[in-house]
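Please build the complete structure, drawing on both the sequences and the hints.
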Amino acid sequence: MEKYNKLLIILIPIYLYFFVQGFYVVIYKESPIARIMAIIGMLGFTFLLTAFITTVLTRNKKERKENQNEER
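Just so we're aligned, residue 1166 is where the sequence shown starts under this note's numbering, counting upward by one.
Any given hint might turn out to be false.
[As the list claims (entries may be wrong)] Using 25 Å as the maximum straight-line C-alpha spacing, the simulated SDA-like pairs for lysine to any residue come out as follows:
#, residue 1, residue 2
1, 1171, 1221
2, 1171, 1189
3, 1171, 1234
4, 1227, 1213
Since the hints were derived computationally from the structure, they do not count as laboratory data.
Nothing here was measured: the structure is a model prediction, and the numbers come from that model.
Pasting the structure below:
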(Lines of atoms letter the chains of each structure in order from A and count residues from 1; the text may use other names and numbers.)
(Lines give C-alpha, C1' and ligand atoms only; values in the text may rest on other atoms or scores of the structure.)
Protein backbone atom coordinates (compact mmCIF):
# COMPACT_ATOMS: atom_id res chain seq x y z
CA MET A 1 0.00 0.00 0.00
CA GLU A 2 2.86 2.36 0.78
CA LYS A 3 4.36 1.87 -2.68
CA TYR A 4 0.97 2.67 -4.21
CA ASN A 5 0.77 5.97 -2.32
CA LYS A 6 4.31 6.96 -3.34
CA LEU A 7 3.55 6.15 -6.96
CA LEU A 8 0.44 8.33 -6.87
CA ILE A 9 2.40 11.21 -5.36
CA ILE A 10 5.01 10.92 -8.11
CA LEU A 11 2.38 10.81 -10.87
CA ILE A 12 0.20 13.70 -9.65
CA PRO A 13 2.21 16.47 -11.43
CA ILE A 14 2.14 14.53 -14.70
CA TYR A 15 -1.57 13.90 -14.51
CA LEU A 16 -2.18 17.51 -13.46
CA TYR A 17 -0.36 18.62 -16.61
CA PHE A 18 -2.57 16.34 -18.72
CA PHE A 19 -5.64 17.68 -16.90
CA VAL A 20 -4.73 21.28 -17.77
CA GLN A 21 -3.91 20.27 -21.35
CA GLY A 22 -7.32 18.60 -21.46
CA PHE A 23 -9.02 21.94 -20.83
CA TYR A 24 -7.02 23.48 -23.67
CA VAL A 25 -7.94 20.69 -26.07
CA VAL A 26 -11.62 20.71 -25.15
CA ILE A 27 -11.89 24.49 -25.54
CA TYR A 28 -9.67 25.22 -28.56
CA LYS A 29 -9.36 22.07 -30.67
CA GLU A 30 -12.04 20.97 -33.12
CA SER A 31 -10.95 17.35 -33.46
CA PRO A 32 -13.52 15.09 -31.77
CA ILE A 33 -10.91 12.37 -31.19
CA ALA A 34 -8.65 14.83 -29.35
CA ARG A 35 -11.58 15.97 -27.24
CA ILE A 36 -12.52 12.41 -26.31
CA MET A 37 -8.93 11.58 -25.36
CA ALA A 38 -8.70 14.77 -23.29
CA ILE A 39 -11.90 13.97 -21.42
CA ILE A 40 -10.71 10.42 -20.72
CA GLY A 41 -7.43 11.81 -19.37
CA MET A 42 -9.25 14.32 -17.20
CA LEU A 43 -11.53 11.63 -15.80
CA GLY A 44 -8.51 9.41 -15.14
CA PHE A 45 -6.81 12.20 -13.21
CA THR A 46 -9.95 12.81 -11.18
CA PHE A 47 -10.25 9.10 -10.37
CA LEU A 48 -6.60 8.76 -9.32
CA LEU A 49 -6.71 11.88 -7.19
CA THR A 50 -9.89 10.66 -5.50
CA ALA A 51 -8.32 7.25 -4.84
CA PHE A 52 -5.22 8.87 -3.36
CA ILE A 53 -7.19 11.18 -1.08
CA THR A 54 -9.44 8.33 0.03
CA THR A 55 -6.50 6.08 0.96
CA VAL A 56 -4.76 8.86 2.86
CA LEU A 57 -7.89 9.84 4.77
CA THR A 58 -8.70 6.22 5.59
CA ARG A 59 -5.17 5.59 6.84
CA ASN A 60 -5.24 8.76 8.98
CA LYS A 61 -8.61 7.80 10.43
CA LYS A 62 -7.33 4.32 11.37
CA GLU A 63 -4.23 5.82 12.98
CA ARG A 64 -6.34 8.20 15.05
CA LYS A 65 -8.53 5.36 16.30
CA GLU A 66 -5.44 3.32 17.22
CA ASN A 67 -3.95 6.29 19.08
CA GLN A 68 -7.18 6.87 20.98
CA ASN A 69 -7.36 3.20 21.96
CA GLU A 70 -3.75 3.27 23.18
CA GLU A 71 -4.42 6.35 25.33
CA ARG A 72 -7.29 4.63 27.13
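Hints versus structure:
1. 1171 to 1221: It holds: about 11 Å lies between the C-alpha atoms, which stays within 25 Å.
2. 1171 to 1189: Distance of about 29 Å is beyond 25 Å: violated.
3. 1171 to 1234: violated, 28 Å
4. 1227 to 1213: holds, 21 Å
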